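Q: Throw the hints in and build the complete structure from the sequences for me.
Residue numbers (the numbering used here), protein chains in the order written: chain Y, 1 to 247; chain Z, 248 to 317; chain U, 318 to 480.
What the hints contain is simulated information worked out from the structure, not anything from laboratory work.
In this text, all values refer to a predicted model and were calculated from it rather than measured experimentally.
Just to be clear, a hint being listed does not mean it is correct.
Claimed, not checked - Straight-line Cα separation of at most 30 angstroms, DSS-like style, residue types lysine-lysine; simulated pairs:
id: 1; chain 1: Y; residue 1: K79; chain 2: U; residue 2: K321
id: 2; chain 1: Y; residue 1: K6; chain 2: Z; residue 2: K298
id: 3; chain 1: Y; residue 1: K207; chain 2: Y; residue 2: K168
id: 4; chain 1: U; residue 1: K322; chain 2: Y; residue 2: K6
id: 5; chain 1: Y; residue 1: K168; chain 2: Y; residue 2: K110
id: 6; chain 1: Y; residue 1: K6; chain 2: Y; residue 2: K79
id: 7; chain 1: U; residue 1: K322; chain 2: Y; residue 2: K79
id: 8; chain 1: Y; residue 1: K6; chain 2: Y; residue 2: K207
id: 9; chain 1: Y; residue 1: K207; chain 2: Y; residue 2: K110
id: 10; chain 1: Y; residue 1: K79; chain 2: Y; residue 2: K207
id: 11; chain 1: U; residue 1: K321; chain 2: Y; residue 2: K6
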Amino acid sequence: MHFFTKLALRHARALLWWSSALTLVLLVIGLVWGLFFSPADYQQGEMVRILYIHAPAAWMGLFAYTVMAVASAASLMGKYPLADIVAKASSPVGALFTIICLVTGALWGKPMWGAYWVWDARLTSMLILLFLYLGHIALVNAFDDYGRGARAGAILALIGFINIPIIKFSVDWWNTLHQPASITRVALPAMAMEMLLPLLVMGLAFKAYYVTLLLVRIQSEMAAVQVRASRLTQNNWTQNNRRENGR
Amino acid sequence: MDKFFSMGGYAPFIWSSYGIGIGGLVVLAVISVRTLRARERELQFIGTRQKKNVINNTESCQGEGTIHES
Amino acid sequence: MSLKKRRLGWLISSLVALGMAIGLLLLAARDTVTFFFSPSELAQLSIKQDRRLRVGGLVAAGSVQRTGTIIHFVITDRVQTVPVIFSGILPDLFREGQGVVAEGRLGTDGVLHASSVLAKHDETYTPRDVAESSLQKKWRGERAPGAAQTTATGGSAPAAITR
Numbered sequence: 001m002h003f004f005t006k007l008a009l010r011h012a013r014a015l016l017w018w019s020s021a022l023t024l025v026l027l028v029i030g031l032v033w034g035l036f037f038s039p040a041d042y043q044q045g046e047m048v049r050i051l052y053i054h055a056p057a058a059w060m061g062l063f064a065y066t067v068m069a070v071a072s073a074a075s076l077m078g079k080y081p082l083a084d085i086v087a088k089a090s091s092p093v094g095a096l097f098t099i100i101c102l103v104t105g106a107l108w109g110k111p112m113w114g115a116y117w118v119w120d121a122r123l124t125s126m127l128i129l130l131f132l133y134l135g136h137i138a139l140v141n142a143f144d145d146y147g148r149g150a151r152a153g154a155i156l157a158l159i160g161f162i163n164i165p166i167i168k169f170s171v172d173w174w175n176t177l178h179q180p181a182s183i184t185r186v187a188l189p190a191m192a193m194e195m196l197l198p199l200l201v202m203g204l205a206f207k208a209y210y211v212t213l214l215l216v217r218i219q220s221e222m223a224a225v226q227v228r229a230s231r232l233t234q235n236n237w238t239q240n241n242r243r244e245n246g247r
Numbered sequence: 248m249d250k251f252f253s254m255g256g257y258a259p260f261i262w263s264s265y266g267i268g269i270g271g272l273v274v275l276a277v278i279s280v281r282t283l284r285a286r287e288r289e290l291q292f293i294g295t296r297q298k299k300n301v302i303n304n305t306e307s308c309q310g311e312g313t314i315h316e317s
Numbered sequence: 318m319s320l321k322k323r324r325l326g327w328l329i330s331s332l333v334a335l336g337m338a339i340g341l342l343l344l345a346a347r348d349t350v351t352f353f354f355s356p357s358e359l360a361q362l363s364i365k366q367d368r369r370l371r372v373g374g375l376v377a378a379g380s381v382q383r384t385g386t387i388i389h390f391v392i393t394d395r396v397q398t399v400p401v402i403f404s405g406i407l408p409d410l411f412r413e414g415q416g417v418v419a420e421g422r423l424g425t426d427g428v429l430h431a432s433s434v435l436a437k438h439d440e441t442y443t444p445r446d447v448a449e450s451s452l453q454k455k456w457r458g459e460r461a462p463g464a465a466q467t468t469a470t471g472g473s474a475p476a477a478i479t480r
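A: Here is the structure:
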């Protein structure tokens with residue numbers, strides 16, 4: 001683990017370029033395909049195109065939280081300085097994905113269901129996910145002591161992790177307005193190839209975006225840590241200097 | 248072309264969704280990169296200033312020394 | 318090393334305890350978490366008159382009648398049925414065979430006086446031209462709870478396309 005993280009850090013900048021390029025390419029392909037070259041649906045008509053933004057955002061909202069939870073567990077279990085940084089870097093991106101999911105979902109729901117919002121299990125648990133993200137962002141930034149903030153955030157992330165399976169299985173465990181999954185590993189997808197393929201491309205595009213932004217934010221956070229550290233030594237140094245010169 | 252933009256009458260819903268989706272991704276990316284650049288610039292600034300301080304302090308062992316601002 | 322393992326132990330046990338606590342909570346609050354009752358589930362409940370609730374299922378074929386601004390239809394899950402009266406705007410997707418969720422109060426005659434009707438979208442996605450060209454009229458609703466998976470749902474046609 002350590003060998004790979006050291007390798008990754010040294011080549012962070014190069015990785016970032018490749019990752020951004022991949023993200024852009026996948027996004028362009030996915031958007032063009034979804035908007036121009038995929039068919040309308042027999043039930044929803046053109047509204048099906050919102051799916052190409054809504055579903056990948058939902059998937060990545062869950063994925064980012066899982067990464068954050070794993071990082072939080074690692075942070076609480078031992079001395080992995082990168083773990084705190086990964087968790088802190090993840091939550092704003094995850095929050096964005098969740099917001100996009102909820103908003104596009106509402107825009108889809110109004111004409112299709114007849115309501116912008118309902119308090120069914122799927123929508124409610126996704127809203128809770130957003131609150132968890134916002135809570136995490138608040139916690140890690142609230143403390144002067146960086147370590148304490150990180151630990152508080154880690155505990156919240158782990159407690160909230162129970163929400164992930166709830167979100168995933170909400171449409172199966174309870175009667176919900178939100179439809180069940182169309183893509184399951186067991187059954188053939190209830191979705192035509194002409195729609196499934198652009199959807200998967202967008203899914204990959206969003207994942208690449210997450211990786212790219214994670215790399216940016218990890219580097220950013222590491223720089224912030226260094227700035228903080230050198231400010232501290234600066235202060236100590238100044239004090240020592242003054243003491244030596246008899247002030 | 249017209250038909251494409253009107254999206255079967257659902258235009259406001261579909262275009263707002265795409266706008267918010269892609270727009271959100273762009274905004275966060277821009278903010279994150281800007282913050283990264285600002286922090287790296289500051290790191291560089293502190294680095295050169297620390298070098299200057301070392302030089303100043305080793306040159307003038309007596310005397311006041313420079314006053315550091317944090 | 319043992320400190321790490323001990324921490325891991327604490328972590329896992331507290332997560333398991335939390336999971337069980339929340340599981341029990343959700344089990345106890347089943348009725349409030351569920352968004353609607355199917356007609357079968359409603360039949361099993363003791364019918365509380367004048368209670369606000371939601372019923373979900375398919376619009377039974379041939380059951381839709383409009384008299385002026387008032388619409389009568391029947392919600393079915395192919396096992397039980399619930400008649401509904403509604404006066405208001407129906408969603409775009411409302412039609413016979415479509416999944417719906419009606420919210421309102423249950424009258425003494427067993428009829429749901431709905432204050433709102435939402436359309437429920439199923440999980441199938443089929444291109445429009447494919448659906449129109451296929452000769453079979455699809456039952457575009459959800460699979461009935463407990464019933465065997467029928468080929469009448471839209472699931473069969475897309476599967477044929479993907480092959």
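Q: Which numbered hints does this structure break?
A: none
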